[in-house]
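Trainee: Given the sequences, and given the hints that come with them, work out the whole structure.
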Amino acid sequence: MHSDALILLSAADSRPMYQQIVDQITARVMAGDWGPGQPLPSIRELAAGSGVSVITVKRAYEELERAGLIHTRHGKGSVVADRPEPARGRLEGELSQHLRRAIDVGARLGLDRSALHHRLDVALEPTPEPALRSKGTDS
Amino acid sequence: MTAAFAVSGLCKRYPEFALQDVDLSLPEGQVMGLVGVNGAGKTTLLRLLTGLAAPDAGSIEVLGHRLPEAQVAAKRDIGFASEDMRLYRGRSLDWHIELVRRIYPAWDHAYASELIRRFDLRPAQPLGGYSHGQRVKALLLLCLSRRPRLLLLDEPTTGLDPVARAEVLETLADVLRDEGRSVLFSSHNTHDVERLADSIAFLHQGRLVAHADKERFLDNWRRVLCLGGGAAEVSGWPELAQVRAAGSQVEIKVRAWSEDLPQRLSAAGLSVQRVDPMALEDIFVTAVRTGGAA
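Protein chains in written order, with my numbering: chain P, 1 to 139; chain A, 1 to 294.
Keep in mind that the hints were calculated from the coordinates and are not lab data. Owing to the predicted nature of the structure, the values given are computational and were not obtained by experimental measurement. Treat the hints with care, as some may be off.
[Claimed, not checked] Coverage of chain A stretches by chain P, computed from C-beta distances (three or more under 8 Å per stretch; other residues unrestricted):
hint: 1; stretch: 64–71
hint: 2; stretch: 133–145
hint: 3; stretch: 263–277
[Claimed, not checked] Just a sample of chain P residues kept apart from chain A, beta carbon distances all over 12 Å, derived:
hint: 4; residue: Asp33
hint: 5; residue: Glu62
hint: 6; residue: Arg90
Quick reminder that beta carbons are idealized off the backbone N, C-alpha and C, glycines included.
Mentor: Here is the structure:
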């Protein structure tokens, strides 16, 4: 199997699965693994390769399309956008938005500038591997 | 597009249980996960779709065939696997393969050999010596190698160890490659459903209480953590499935999320600390405990 069609999903990750796919494809494009014009695996191929439903991959591709990172041509599949810079701009915008929200919440908690800096440093520390979560009721 | 199956007004009464008024359909090429507690009606629905049981009311169409009238034609294209299907303990997997292969000319020998390797099964050994997990895998192999257009699987991963479960799930994911094949599977393991299903059907006490595309279904639910004293005030809001207070902390499980909810909560005296998506497991337990409304 084409290793491109493999997305590494984690059940212990609190992000929804479609978001994990969006983030991993974004990371691959940003890292240059996938250059402009490169065809993406088809939705079914990626779904089957990663063991995740077709609808989840479809939703991820829709989000990537909206973010300007990929182009979907009807009947021909999706390719990485020629200029993924707008996508970068969008990510920058998203980051600023998250920071603003963090600052707002910090203000509500009564944290000052240095306390906020400290919280960011703590959050940046590598966290220990999350314990395996038990799932399901297999008997 | 043809439906893999479509049922309408479906009823089936047993002395202790009744499946009532179920309308449900699955477009071809999709995977549907059937969730519900024990006794919710999952197996009854699957049996009706295989033609093993006849409905008391309502209509059933499978791959364009009406059941139970066109049962014989429909059965050629249906693959059904359930725990209570018995294999011959004294016979080997090879023997079973020969048996099924003679009945179903579409049998895919290359795929069967691949599954024997992937599932690490010994084809010459009598099945009486197989473990539970090996028997489940043998049954799936017999079902999948026929390449049926509709797979009906009752609890395909129950009782499997984590490695066997991963093998079975990967094999089911392979089926997704072909857009002409459809799968309906029931599972207690909501994680399996969350991963593989395109849509979710939720049965509770014999009724279909929710049916939606999985992304939309999950998107409707949120867990919201708040601080403040407004728990009593908001607990009757219809979009909130559950409101629990622990001191000044309030946990809210939202069944119909909307972007303006944090604002309305804060107007009610609850300051929103965080909003998280919910796993299907948590949604399922919350929905059952709060009366089955999803």
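Trainee: Are there hints from earlier that the structure breaks, and if so, what are their numbers?
Mentor: Per hint list: 1, 2 and 5 violated.
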